[in-house]
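Both chains are given apart, each in its own frame, so use the hints to dock them into the complex.
Going down the list, the protein sequences come from chains R and X. Heads up, the first sequence is in the UniProt record's numbering, so the first residue is 1 and it goes up one at a time. Heads up, the second sequence is in the UniProt record's numbering, so the first residue is 1 and it goes up one at a time.
It is possible that some hints are incorrect.
Simulated restraints, written as ranges between beta carbons of each label pair [as the list claims (entries may be wrong)]:
#: 1; chain 1: R; residue 1: P42; chain 2: X; residue 2: G93; range: 32 to 38 Å
#: 2; chain 1: R; residue 1: G132; chain 2: X; residue 2: E108; range: 52 to 58 Å
#: 3; chain 1: R; residue 1: K245; chain 2: X; residue 2: D90; range: 45 to 51 Å
#: 4; chain 1: R; residue 1: G203; chain 2: X; residue 2: D90; range: 51 to 57 Å
#: 5; chain 1: X; residue 1: E92; chain 2: R; residue 2: R250; range: 31 to 37 Å
Covered by chain R, according to a simulated footprint, are these stretches of chain X (three or more residues, beta-carbon under 8 Å) [claimed, not checked]:
#: 6; segment: 46-60
#: 7; segment: 88-98
#: 8; segment: 101-114
#: 9; segment: 127-135
#: 10; segment: 172-180
Residues on chain X that point at chain R, a partial pick, calculated with CB under 8 Å [said to hold, decoys possible]:
#: 11; residue: P184
#: 12; residue: F197
#: 13; residue: F205
Derived from the structure by calculation, the hints contain no laboratory data. Quick reminder that beta carbons are idealized off the backbone N, C-alpha and C, glycines included.
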Amino acid sequence: MFLRLALAAFVAAASHASPAVTIAAPAAAACAAPYLIDKTLPNGARWQMCWEMRTIEGLTLRKVVYTPRGGSPTSVLRSAALAQIHVPYDSGEPRYHDIGSLGEAAFALTSGDCPGGERRAEKVCVLDRARGHAHLKDGYGDPAERRSRQGRELVVLAAYQVGWYTYVSEFVFGDDGSITPRLGATGSLAGTVTTPRHGWPIGVGHRHFEESHSHNVFWRMDFDVHGDARDVVEQYDFSGDRTKKRTMRRTPFTRETRAVNQRMRWWRVVDPRALNADRHPMSWEINNSDSAEYRGPADEAFTRADLYVTQYRACERLATQNPSPRCRRSVDKYAGRERLTDPVLWVNVGFHHVARDEDADPMPIHWQGFRITPRDVTAKNPTP
Amino acid sequence: MRRVVVLAASAVAVTGLAACVLLLPGDGAPGGAGAAQAGGAARAAAPGPADPLTTEEIRRAAALATAGMRSHLAAGRAQLLYVERDDAKDGEGARRAEAYVYDYARDELTVRTVDLGQGRVVREVTDRGVQPPPSRQEEAHAAELLLRDPRFGDGVRSAYRRAAGRELGSAADLALRGLIHSAPRGACARHRCLRLFVRLPDGTFLDTSRIVVDLSAKKVHTLEW
Ligand SMILES: [Cu+2]
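Bound conformation, chain X alone (with noise of 0.2 Å):
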């Protein structure tokens, strides 16, 4: 892996991890592309029980869902991944909502299935070993943490100036893509743990195929093989 190489030549400093972005019912809140999509434009009827959830659907789940736990959110130690519809078929004809919570500290994933008609948690699931996907935070904060690496963090940044004629100001440039990695054994048999794919100005990617972030030890790991 050549670049990897490159990106582990110079350890550096350590910058400050921003404070991890805590999304409630909000603007940017965790809506899934539904939401968005939804656009609240003339929308005069309420939604039809097949219909996605609308924006405002996802805002009332993801307080009702989150409301008793927003200390942990805060301290940045769980997140709301996003709200999906609830699709499963003995709740037909009801709105229902999904919010996944990712407890870091726990390595624990729950879900609360919120009814929105009765505007109450009906149903709490926890595991632990489930990964989701990661979500647009998740990938965002994955970043910040590579920036931070003393292995790779320099490397990241004199990529992006090669490629963008400027200093990289923050995660928030890159362009990202992160899936789950799970391992057997090791730190990813339990921690979430994500591969990041990192698009440059240029339109080139960083290799980060051997490159994976912790997001439960606020690690970066290397994949040998």
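Extracted from the complex, chain R is given alone in its bound form (with noise of 0.2 Å):
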């Protein structure tokens, strides 16, 4: 028998308001091994998905579920996976896109790799791993007042070469809720000669001039809240400069849109019929803060927004050069004016990459990725 993940969460949840109804049985089977994670948290947070290869976009997930310790499944993400990695040279030329086909690039994983984890055909490791601590607070002389735990987080990812670049594609998924997509660039700078007004001198003294590059990186993110419907995207500003009030603005998007980072802007994903035991609908928080924001040419619009939601279409799959027929070539082009039914968000993460000396081969990792966190999912901290 294999474990199979139950589609229940995603059937049942669209059919019922509240998450404390008991999820029926498990119904339609959706994935079996070895394209199921399953993994069951120490504090108790289940998260349960099912992972793809694709050959074009690479690592996939699919039917993300969370259960929240002593809740009940609900549904998060239909699919998640990477939709570009846009690479401008600061000269001006080239102008990457990195996404060949990224599930040719993937490459055989070492158990060195993928540390205390299990390897899934080869090139996709799922782990866990300690995230620092979960929460701390001093019982004031009271032992069973004090609280700490250290959490934990499951990662899945996949490496692939291409070029001279090693891009590593984590999935990292907390013990509290929280999701992490996130892109890491290591393996070997370009070589790429410029002037010193574009690159910085690596090597002995100052005759080689690396040069300085954008790594702007999408992921298309297919939400599913509680259930396959009614997922509607809100943006939230709080008003006030140079003032002491601050106050919270909420536009919800009816239309797709095409939205810009400012200074304490998030985003959300709400099924305003699927109410947590507060009665408060449930969301996923969207934060993108962490983006060098690089806006390119009038030919590169894809570039000048941060998030675009627009409505699902099937042959939308990545952000630029879409390899569908008969289908619009970037995401700046699906964000019309179409009413929003059924949302999907692309996120952009710029990462401005300016060489120094220690990037010398082998490039240690950078980083570059966003957050989305549970917002109103569980009446409580799930896990005090």
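So this is what it looks like as structure tokens:
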């Protein structure tokens, strides 16, 4: 008997409003070993999903379901995958789109690449690791009142060799319900020489100026918050500049949107009818505050927003150089004026890479990513 | 681009290009990574709706999608790039595969959707100016064109000789990775053009940053900037 990931959370959740209702017995099975990931972390938080190494997108996670300790399963994502790695060099050229066939660029991992974890079909690593303090609170002399716990996280990763670069794609699932998609770049520098204006001297003296460049990484996140219906995307802002007060402003996106980062701004995907025990709607917050926010020329309009919200279309797979016939070519074009009933989020995270001497081979990994946090998925901290 | 200049320094006789190997259902069919991984090991049950395509499903989809176009494939005019599981929501639950076929003569991409349950092509969409990522085979083909190019071929061979201490046998000796290069104007606005990363046995890379291989025109272009 294979362990199978129940679709129950998707099927059943759509039909009721409260997570308190018990999910029925497992319905159709979605995937089997070795594609099923089902991990209960020590604090009782459970993550279930299916993985697939797609020829174009590479590692793709599907049917992501979260079960907080003592709670019911709730679906989070229908799918999550890289959607492009755009690498423009500072002198203006070259400008690479590093998603070739990522599935073909994935390479076999060793046990050392996946410490203490489980390698699936050689190229995918599933492991769990420490994530530091989950919480810490003094008991003011009363040991019974003292609270301290170390957190853990589930990691699903694959590595791609794209020319001289190695990209490590991680999806990190915390025991606090958080999700962190991130991409690490390591391997070797390109060795592209430029003038001092566009580079940094590496190696001895001032002969080799390694060209600076950006890695603009796009993820495509198709949320299914507590079932596959009724997902709404909202933007939150807090007005007030050089004043004492901050006032919250909520902007629901009823139509497709190209949103940019702002200080304190964040977004959430909410199912207004899926209520937690406090009768607050369950949602997942998206925070993209770590981006270098690269903005390219007019023919690279896809660089000009940090979060795109588009109505689901099967043919819209990549943020640029979309591979589907009779479909739009890039995410800025997907985000038109269509009414949103089934939103897909495209998150653009930039990193400006100015080489340094320490980047000598093998280049130390540098990470870029964003955070997804449960907001009112449970009524309380599920693991006090 | 120092090394490109080096590569371009000598022009030479063009070696014959090995006939483009045709991959059809059978060993080495363009499977995509998922297929190879299924490994066929101990999969007693039928694949679940969210399971990747099995090697067998990919073979069947490739055969069904390319039936009736064998002559174009054999002539190298078109190529089956890869077969990818159809992830569309409307077909969720069904086992569906999408076969990507590129016609270099017409510069057209056709995606045929095969319903594996029904054993037939249920959808076909064709378009121009759409360039899905290069396949492994195309990377090899692009390297062959680079080796055949009078400006660059000899330079690649001598760089290989220096790095490996032996002669380059064929493009198969090179570690390759290809990316799509598209341009708003010029040949690559419409043709299928690849940038190639070429790793030599000593771990160095050829400087190919200004080289683009045009698979439609079977030519190598040099980028100016
Ligand atoms: Cu870099």
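Among all the numbered hints in the text so far, which are the ones the structure does not match?
none
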